[in-house]
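*Asks:* Work the whole structure out from these sequences, hints included.
Residue numbers (the working numbering), protein chains in the order written: chain H, 1 to 343; chain P, 1 to 277; chain Z, 1 to 273.
Rather than coming from a laboratory, the hints here were simulated on the basis of the structure.
No experiment lies behind these values; they were computed from the predicted model shown.
We treat Cβ as the ideally placed atom computed from N, Cα and C, and that holds for glycine.
You may find that some hints are simply not true.
What the hints assert, rightly or not - The calculated label-pair distances, taken between Cβ atoms and stated as ranges, are: (1) Gly-47(H) to Arg-3(Z): 22 to 28 Å; (2) Arg-4(P) to Ile-66(Z): 34 to 40 Å; (3) Thr-77(H) to Phe-259(Z): 41 to 47 Å.
What the hints assert, rightly or not - Pairs of lysine-lysine, BS3-like flavour, derived with a Cα cap of 30 Å: (4) Lys-83(H) to Lys-185(P); (5) Lys-218(H) to Lys-89(P); (6) Lys-218(H) to Lys-33(H); (7) Lys-83(H) to Lys-89(P); (8) Lys-134(Z) to Lys-166(Z).
Said to hold, decoys possible - So, partial list: chain H residues that the calculated Cβ filter (under 7 Å) puts toward chain P: (9) Leu-60; (10) Phe-90; (11) Phe-96; (12) Pro-97; (13) Asn-98; (14) Gly-108.
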Amino acid sequence: MTTIETASTAITLHQCAKTFVNGTRALEPVNLKVTAGETVVLLGPSGCGKTTLLRLIAGLDEPDQGGRVLFNDEPVTNLPIEKRNVGMVFQSYALFPNMTVRDNVAYGLAVRKISVANIGVRVDEMLEMMHIQDLADRRIDQLSGGQRQRVALARAIAVRPRVLLLDEPLTALDALLRDRLRVEIDELLRHLGITAIYVTHDQAEAMALGDRIVVMSKGQIAQIGTPQEIYFQPANDFVADFIGTVNRVPVAALSSRINGVKNEVMFRPQDVDIVTDGEAHLSGCVAAAFFLGDRTRFVLDVAGSGQVIVESLCRASQVVGSQVSLRIRPEGLISLAQAEHRS
Amino acid sequence: MKHRNLFWLQLAFTLLVCAFLIVPVVLSVLAGVTENFFIGLRSGLTLRWIGEVWSLYAETIYLSLLIAVACLAVTLVIGVPAAYVLARKEGRIARVIEEIIVLPVAVPGLAIALALIIVYGGFRDFRTSWAFILVGHVLYTLPFMVRSVLAVLSIINFRELEEGAASLGATFWQRFFTVVLPNAKPGILAGSLMVLTLSVGEFNLTWMLHTPMTKTLPVGLADSYASMRLEIASAYTLVFFIMIVPLLVAMQWLSRDRRARTVAQEQPLPTSRTFSQ
Amino acid sequence: MDRRDYPQLIIMILPAAIVFTAFFLVPMARLVIVGGSGEEHWAAYASIITKPRHLESMVATLALSIGVTVAALTVATVSGLFLVRNRFPGREILLSMLTFPLAFPGVVIGFLVIMLAGRQGLIGEVSKLLSGDKIVFAYSMAGLFTGYLYFSIPRVILTIMAAAEKLDPALEEAARSLGASPWRVVRDVILPALKPGLIASGAICFATSMGAFGTAFTLATNIDVLPMTIYTEFTLGVNLAGAASLSIILGLVTWAALFIARSLSGATVSASG
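*Replies:* Below, the structure is given as structure tokens:
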């Protein structure tokens, strides 16, 4: 349900690569299709090319020869950002220190020469939507991090952009604020129904916000999929290791066979059950245990395998040094055999 | 305690240095308002020397002010955009251009004046107008304006602000005038004060470039030191102080204000390191 | 975004470029040529070594500049460190007084030296009262030295203070915890840390002294510093080529000193004017 009539835009990238003037190859040729109204998260460690990709979509940088960017079916490769009508939220917000909050939010509208009366109405609407009405006349340096974040968002969407681009918007905030704002952003994106590209290195954020996630590494796309697909069906080693924790146990260390597993079995820490009797797949000695409140994590020394990390919801605590036997749930088995990524 | 002694010793030393710098100024100010310097204060205070200075040298004061303001206008118009370009294009070429712009400060005023006379001395109208002096002043003060603006631009992340404005649809010129310039104001202000101060006090270049019809204040001062009685020379110097002290105070206040406001960053002090003497 | 902005960037730097080329680069180039166009042609550039008067002038100027630089650095370091490390009522006023003469032109400073040490100067009167002999040194090397010191101290003190503010107190505390006396702390910790700042401001001081004209002009001494020599060659000797060649040499020396200053202190000095 959208109350803001933004013409939802699909984005297509075709063979977009980026080499910088000093020779660094930030992005290998990449293809990506984003459907209108979708929230796609670009996730990866620093240096993986996610910000570069975002900037190509924004129009702040141009792709190398041969790359094309399309909004719906319209080629925008040669359009500078000023003409693409995108909304962008920068990592350090880029709020104009020489203007008040109101003037910042109004800026894009003023540039488009909208009448002063209409600007006023729109700005008030935006301030209300982001719950910052009483900050309207403050100067930027008087605002806290969370407040600046909201102003940056208000400013970006005030112009009714076709696409909303967010470059690590929550990275500069402390953990508590981040959690709260993540929820607000999620609600906002849903409410607006706008196509959004969100860059982050935080997996929790990616999983929470993305309709689809694009996991990137070293300038290439490692996998594209829904959060569940990425988590439960990683396409390759990088994704498996980068997303969450994954245990790898060579078959030789298993106490009983598991069908279909050849060299090693991969599973997530929470996809095991502690068994006291019956068939266990592996067992080991508790090396350390951490009570985390909602779950207990413990580290097992498994002969022939190194350490295995287990997370358990059960209230019984595990004593360090005791022997524990585990059974891997069949749905928790991860195989890298080809989850195709859909682009 | 050793530390206390050290403190007082250093304080005494510093006071001595201050005295060295301030006492002559005080003397000169007094001489300018005393009836007769040789008799001293007993001869009474008077403003007549200042009056004489005015009748003799009023045009020099006007001309210095005129040139200073004109110099400011020119350096603003050509220097601020140039600083922006240098801040945008960070590369070896920008560094080289910066070095070149600083040359007129490194090269002695005499040399620059000579060079100007050699090339442009032939154009009579130009040579005998105050515009000739203005050219010298602009060359000398431009680096200070450029550096001052460049310093501020390198501290504020103006590129990101520009990208923000561009993402909202602003064109190049819109971005420059609504976002870059307003945020470069502290640098522009500091640079302006410096340009005014430098221009009012400039001698080396001006002495060579001047003609009897285009005398500035420092040139007049040199004249009076050579040919006038001490009281008039002092009074004239006093007038100069009156003109320049407000500018200096404003510059010091500005630098202290900025130092107080920023916390961790490198604060450029708006002092000119190479006023030539 | 960059490449597309090129046309506007060129427009923005064009006025400065034109003014600069027309009024500085071209004339300076001509100056270099004129310097070599006199009777001795390009040998004129070696006159700094070949003509006794020029050589004397250069030596005097160098000696004076180096002497003033050392003195100014010493004074500024002592006072600068003191002011940075101690807060007491009146500190701000002292600081203002120390930096106040920053904008005085050389002529005025020459005049102030005369007020201090000239024939009717303060020092003369006081010394006459005390010892019967009037001490007058304004018109000698000592007077020049005093004048040069006068305009150097404010400059150097500001740079030193800026550098001193960035010193890490932890290093000194570590030295003291290891038993170093205050003097050793200064010698082994503070001075080395200040070295870049000292060299940078020293180079600036040197360059300014080399090129100083107004002070020597007012003091009208027998000692000819290089700028005065240049001036007299031009006005009295009508030796344009000689004046030009000397100017270029002086320019090169001061430019080199400033270059050293900028490269040692990095972007801060160059960016802050």
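*Asks:* Compare the structure with each hint and give your call.
*Replies:* Right, here's what the structure says about each hint:
| no. | hint | result |
| --- | --- | --- |
| 1 | Gly-47(H) to Arg-3(Z): 22 to 28 Å | 24 Å, holds |
| 2 | Arg-4(P) to Ile-66(Z): 34 to 40 Å | 36 Å, holds |
| 3 | Thr-77(H) to Phe-259(Z): 41 to 47 Å | 45 Å, holds |
| 4 | Lys-83(H) to Lys-185(P) | 29 Å, holds |
| 5 | Lys-218(H) to Lys-89(P) | 28 Å, holds |
| 6 | Lys-218(H) to Lys-33(H) | 20 Å, holds |
| 7 | Lys-83(H) to Lys-89(P) | 23 Å, holds |
| 8 | Lys-134(Z) to Lys-166(Z) | 46 Å, violated |
| 9 | Leu-60 | 6 Å, holds |
| 10 | Phe-90 | 6 Å, holds |
| 11 | Phe-96 | 6 Å, holds |
| 12 | Pro-97 | 6 Å, holds |
| 13 | Asn-98 | 4 Å, holds |
| 14 | Gly-108 | 3 Å, holds |
Going through the hint list in order, the structure does not satisfy hint 8, though it satisfies all others.
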